[in-house]
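These are the residues of each chain, in order.
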Amino acid sequence: MGRYLSTLRIFWIASLTAELEYKANFVIELVATAGNLVGSIFVLSLFYGRGQSLGGWSWEGALVVLGVYTLLEGVTSTLLQPNLSTIVAHVRTGSLDFVLLKPIDSQFWLSARTFSPWGLPGIALGAALIGYAAWKAGATPSPPTLLAAALMLVASLLILYSLWFVLAASSIWFVKIWNATEVLRSVLVAGRFPVSAFPAGLRAFFTFVVPVAFLTTVPAEAILGRASGPWLLAGGAVAAGSMALSRWFWQFALRFYTSASS
Amino acid sequence: MRPPLAQRLGHARRIAAVLLSSQYAYMLEYRAEIVLWALSGVLPFIMLGLWSAVDAGGGLGMSSLQLARYFLSAFVVRQFTIVWVMYTFEEDNLTGRLSPYLLQPLPLVWRYVAAHLSEQATRLPFVAMLVGLFFLLYPAAFWWPSLASVLLAMLATLAAFALRFLMQFTLTMVCFWSEKASALERLLYLPYLYLSGLVAPLALYPEGVRNFAFWTPFPYMVDVPARILAGETVPVLQSFAAMAAWAALLLPINLLLWRRGLRHYSAMGA
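So the sequence lines, in the order shown, correspond to chains A and B.
Letter by letter, the first sequence follows residues 1 to 262 of the numbering used here.
Letter by letter, the second sequence follows residues 1 to 270 of the numbering used here.
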């Protein structure tokens, strides 16, 4: 475990140094993230401005959902996207061989090798929005609420990671799979809104097929102190299940990996 | 001495035919990828889900059928106005492929235009299938647009594509001076996303925001063609005039930057 942590530190410092060569990007990312947040709040206001609500959620509650979504987007561009987008190239050029030969878990290496600071504004803005909206909504930061919120946020991060990793790992078979993550990204946009705002069919789809509900709605419920036992259990179970699935899927996919020249 | 006009036109027609057919063959090779790109345009359907659930409460000023037709039309219009020239150009520039292209006796922009048009042709059958699936799931929303509105919507979509291409290609010129120019496209995409009508018909925007939006080029890129296709009344002449005005503003800037950029260009790695 200690070895993995120290390796992680070296990885991230190295990639941070490389990324900071492009400082102007930070300004662009900050403006883009803030602008996107303003746009999303504007879309929410289109619904709430005419006195309607989204699936019975209050304005502040919907803002918490949006905050969780912004946070997840930040994590995606900090860790998931920069790391998992390289699997395709490794498979195509055959350099996955070298990754597999390293004396470290290959899934860990592929998932944590680089760190891109450009998602940090998203993480910060998301956290700030969650804090502000939860306070406005009158949520009390009692220990059980904080614990449930932390647990559900971790669960949602694990589910998001597994979705991305399984798609990216499919490139062992289909080299041109990278666009599939764009499809995933565009479907996850639904996570900007509470899942109960959708009609029944879509709600079922976003709960059972693509678990968008567990990514943003369930953590938001936990943050607002409304989490019920069954949902907490389900969130934990989906997270554990999808992590196990991603682990198994990687082992399974590697059995079909035959290097680039063969 | 320049050859007569008829000969020049025939020459241009032959070049266009070769460019389009070779690009189409190339795009067909990547049809699986293009299907995935097409699928990633599901945003209008997600928004339709939200708006129709809200509409159950009533009082939007748009019936649920109108909403369904609008968002389906917005999906179709979006599919045929997607522009990615900035990313291709950036890659061509960074990998040095730009130099041989520039040596050809053909303005480079036509190569990219042909690639976009061919990609749209590759999308066409898949988009038709998705539209069919939509009506299968939601048969009540089915409608036959009149021939006139189909033709007009096609024209408006083509104009929207041209305007968006011109806009992005103008921004693309920054690639001559910067290696990571495509990050700028993220900034241009923001007003496009929220003002074009992809997330909601502009009719549902507060009046102030709507009036402001129509002073920008963005509503003409989705909202206007989509409403024409959905059979709603649109100030057609005024919209086309606005698009022409924006194009007339952008074109000189584009040409100027292109000339300046070429002078600055010194081939990657050279």
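Calculated directly from the structure, the hints in this document are not laboratory data.
Keep in mind that a hint or two might mislead.
Stated by the list, open to error - Short derived list, chain B residues pointing at chain A, Cβ under 7 Å:
hint, residue
1, Ala6
2, Leu39
3, Ser40
4, Tyr194
Unchecked claim - Here's a subset of chain B near chain A, in silico, CB distances under 8 Å, partners left out:
hint, residue
5, Glu33
6, Val42
7, Leu184
Every residue, glycine too, gets a C-beta built ideally from N, C-alpha and C.
Task: Broken hints, by number - done: Checked against the structure, the only hint that fails is number 1, while the rest are satisfied.
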